[in-house]
Amino acid sequence: TIYLPHTGMRIDVGGIGKGYAADRAVAEMKRVGVMGGVVALSGDIKAFGVLPDRKGFPVGIKHPRREEELIAMIDLNDEAVSTAGDYERFFERDGVRYHHILDPQTLHPAGACQSVTVIAKEGTVADGLDTGIFVLGPEQGMALVERLPGVEAIIIDQEGKITVSSGLRGRLHAP
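So this note's numbering is basically just the index in the sequence shown, starting at one, shifted up by 16.
Treat each hint with caution, since some may be false.
Stated by the list, open to error - FRET-style restraints, in silico, Cβ to Cβ:
{"id": "1", "residue 1": "ALA43", "residue 2": "HIS189", "range": "24 to 30 Å"}
{"id": "2", "residue 1": "LEU67", "residue 2": "ARG40", "range": "39 to 45 Å"}
{"id": "3", "residue 1": "ALA190", "residue 2": "PHE106", "range": "24 to 30 Å"}
{"id": "4", "residue 1": "LYS46", "residue 2": "THR23", "range": "20 to 26 Å"}
{"id": "5", "residue 1": "ARG70", "residue 2": "LEU164", "range": "23 to 29 Å"}
What the hints assert, rightly or not - In silico EDC-like pairs for lysine to aspartate or glutamate, Cα to Cα no more than 16 Å straight-line:
{"id": "6", "residue 1": "LYS71", "residue 2": "ASP91"}
{"id": "7", "residue 1": "LYS137", "residue 2": "ASP94"}
{"id": "8", "residue 1": "LYS46", "residue 2": "GLU155"}
{"id": "9", "residue 1": "LYS137", "residue 2": "ASP91"}
{"id": "10", "residue 1": "LYS46", "residue 2": "ASP91"}
{"id": "11", "residue 1": "LYS71", "residue 2": "GLU104"}
{"id": "12", "residue 1": "LYS177", "residue 2": "GLU155"}
The set of hints was computed from the structure by calculation and includes no laboratory data. Heads up, the beta-carbon is just placed ideally off N, CA and C, and yes, glycines get one too.
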């Protein structure tokens, strides 16, 4: 039970909403007999089943600074992917990028990452973790990922350095 002590207080589930919706859509599709497919909700993707060639569903990981470029591809096998980044909703002023992912300790935009992509079995988990890992930054974020079973990530830091979790090594391929 959650208690909100002040009139007008509310809970925003936007941080996990699309992942949850993708999970529910896949569950409903499976319930009615759909054997496989992809649900894509504005960047949150969940794939289930396999393609006729028995491979997973290919999904591109977007480059955060080059709009039309992918950094890698991954084949999803009953998995979800969610990305948090500083490149979709932002503005620049005096050479500083201001975006929508705020560090709760400073109340300023989190500055250590360009993007964080999380792969997990459930969309709710991937969607719930990507923003928090973005705020934590590459070192603490990847340390968290490596401790969580069934969770993998690709973190691109502010300089463009790409760090890949141990469980993704060998799964990524060229676009």
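These are the hints, each one checked on the structure:
1. Between ALA43 and HIS189 the C-beta distance comes to about 29 Å, which sits within the given range of 24 to 30 Å.
2. At roughly 23 Å, the beta carbons of LEU67 and ARG40 sit outside the given window of 39 to 45 Å.
3. Against the hinted window of 24 to 30 Å, the Cβ-Cβ separation of ALA190 and PHE106 comes to about 28 Å, which satisfies the hint.
4. Between LYS46 and THR23 the beta carbons are some 41 Å apart, a value that contradicts the proposed interval 20 to 26 Å.
5. ARG70 and LEU164 have their C-beta atoms about 28 Å apart, which keeps the hinted 23 to 29 Å range intact.
6. A distance of roughly 7 Å separates the Cα atoms of LYS71 and ASP91; the hinted pair therefore holds under the 16 Å criterion.
7. A threshold of 16 Å between alpha carbons decides the hint, and for LYS137 with ASP94 the separation of about 6 Å falls inside it, so the pair holds.
8. With a C-alpha separation of about 38 Å, the suggested pairing of LYS46 with GLU155 is violated against the 16 Å cut-off.
9. Distance check on the hinted pair: LYS137 and ASP91 sit about 13 Å apart at the alpha-carbon level, within 16 Å; holds.
10. Annotation: proposed proximity of LYS46 to ASP91 is violated, straight-line Cα distance about 20 Å (limit 16 Å).
11. The hinted pair formed by LYS71 and GLU104 fails the criterion: a straight-line CA distance of about 30 Å is larger than 16 Å.
12. Straight-line distance between C-alpha atoms of LYS177 and GLU155 comes to about 12 Å, which keeps the hinted pair within the 16 Å bound.
In summary, the structure is inconsistent with hints 2, 4, 8, 10, 11 from the numbered list given earlier, while agreeing with the others.
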